[in-house]
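Order-wise, the sequence lines are chains Z and C. Reminder that position 31 of the first sequence reads as 31 in our numbering, one-by-one numbering, no gaps. Reminder that position 49 of the second sequence reads as 1049 in our numbering, one-by-one numbering, no gaps.
Rather than coming from a laboratory, the hints here were simulated on the basis of the structure. Values in this document were obtained by computation on a predicted structure and should not be read as measured data. All C-beta atoms, glycine included, are put in the ideal place defined by N, C-alpha and C. Worth double-checking, as some hints may not be accurate.
Claimed, not checked - Taking CB as the label site, the calculated pair distances span: (1) Z:Leu24 to C:Phe1201: 47 to 53 Å; (2) C:Arg1033 to Z:Ala52: 50 to 56 Å; (3) Z:Ala6 to C:Val1187: 30 to 36 Å; (4) C:Ile1143 to Z:Pro9: 22 to 28 Å; (5) Z:Leu10 to C:Ala1089: 21 to 27 Å.
What the hints assert, rightly or not - Covered stretches of chain Z, going by a simulated chain C footprint (3 or more residues, C-beta under 8 Å): (6) 15-23; (7) 27-34; (8) 37-46.
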Amino acid sequence: MHINIALNPLDMLDALVAVGILYLFLQKYAFPPLLKAVRDRQTRIEEDLAAAERRHQEADQLKAELEAQLKQVKARAEVAMSRALRDAEDEAQQIVTRARQESRRLVTDAEAEIAAERDRALQSVKQDVADLALRIATKVLGQEISDGVSERLVQEFADQLAGSRAGGDSAP
Amino acid sequence: MTFNLSGFDPTLAIYVWISVILTGLVAWLLTRRARADRPGVGQSLMEMVFEFINGLARGAMDENPAFLSFLVMLFLFLLVANFQGMIPALHSPTTNLNVTAALAILTFVMMWVFGFKKKGLGYFRHWTHPGGAIGMAMLPINIIEDFSKPLTLAFRLFGNILVGEIFMGIIAAGVGYFQGGFALGFVWWGFTAFVNIVQAFIFMILTLSYVGQAQASDH
């Protein structure tokens, strides 16, 4: 191996020219595609980041809108619920009132029915007692009493019975 | 060390151009179908190199895409040139001082150009740093420091790569003559590969650092 430490301007110039040409070649053919690819990637990443940021903002906006809508729906639901409760209370009150009126009417009707039944029963008893008394009297006297007489007698008896009953009721 | 104006070395020129062609070809093959959506392994590697150097440059100097491309080109070229010596029958062009000196001079010129562009004649104020009487006393040291930068750059790269290649040659020649020669050769091969990468990186990062310093306001 030959070791040369002699400085030769022509050798140096040759090295400089070679390096200069290499620089120009790389600047023209090798580095531009590489730098373009890097720039494109950087641009795409920036675009992706911007798009992501945009989507994030849209999502935030949508979330805010949805929250506002939810708040409105909740408020409406609360109003509707309170109204429904009020209506239900009114309805319940009306039903209770109607039921009370109905029961009162039923009680009144029943009382009237009972009074009428009692009167009818009393009348029937009176009639039965009078008939019985007349038959007994007929058997005791041994003859028939005419229809007009018998009717009068029955009436009188019934009146007496009623009077005695009234007296009996008032008696202690 | 001699200075020869007439003895152009065509062999060196061939090695330089092999490195240049290999670098250009590899970079072109790795990037020609670069795509944004699914990058291949080669494209990813190139992107990693670009991003890594861009990250370093962002912290060291004003943004300059053309200079960033230069740094990437310099790193790739030095990587290929350094590894070229590990290919049998080829030599690394960076084992020749003319090549490393040319690159170092390029760095030095860039340092001055970027410094002038940013500060004008105020660029020379750093020679009298930290100012006053001490600054004046420091003037020769600061000037020497400025001019020593390309020298150290050139000799560091030249020396490291040359030593690696010489030892590779010695070990390769002696593999059959001593026990464990193959294992030693393998270990040295790995170490040389590591040194090649590190030296390419150091040259590139120092270029960035010098240019960054030239632009810095407190420089």
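Is it true that the C-beta distance of Arg1033 of chain C to Ala52 of chain Z lies inside 50 to 56 Å, as the hint says? violated, 29 Å
Coverage criterion applied to the region 37-46 of chain Z (partner chain C; beta-carbon cut 8 Å; 3 residues): holds (count 5)
22 to 28 Å was suggested as the range; check whether the CB atoms of Ile1143 of chain C and Pro9 of chain Z agree with it. 23 Å Cβ-Cβ, so the 22 to 28 Å window holds.
How does the region 27-34 of chain Z fare against chain C when you require at least three residues with a CB closer than 8 Å, holds or violated? holds (count 6)
If you check the beta carbons of Ala6 of chain Z and Val1187 of chain C, does the distance land in 30 to 36 Å? holds, 33 Å
If I claimed the Cβ atoms of Leu10 of chain Z and Ala1089 of chain C lie 21 to 27 Å apart, would that claim hold in this structure? holds, 25 Å
Could you say whether the range 47 to 53 Å given as a hint is met by the Cβ separation of Leu24 of chain Z and Phe1201 of chain C? violated, 24 Å
At a Cβ distance under 8 Å, does chain C reach at least three residues of the region 15-23 of chain Z? Since 7 is at least three, the answer is holds.
Checked against the numbered hints listed earlier, the structure breaks hints 1, 2; every other hint is satisfied.
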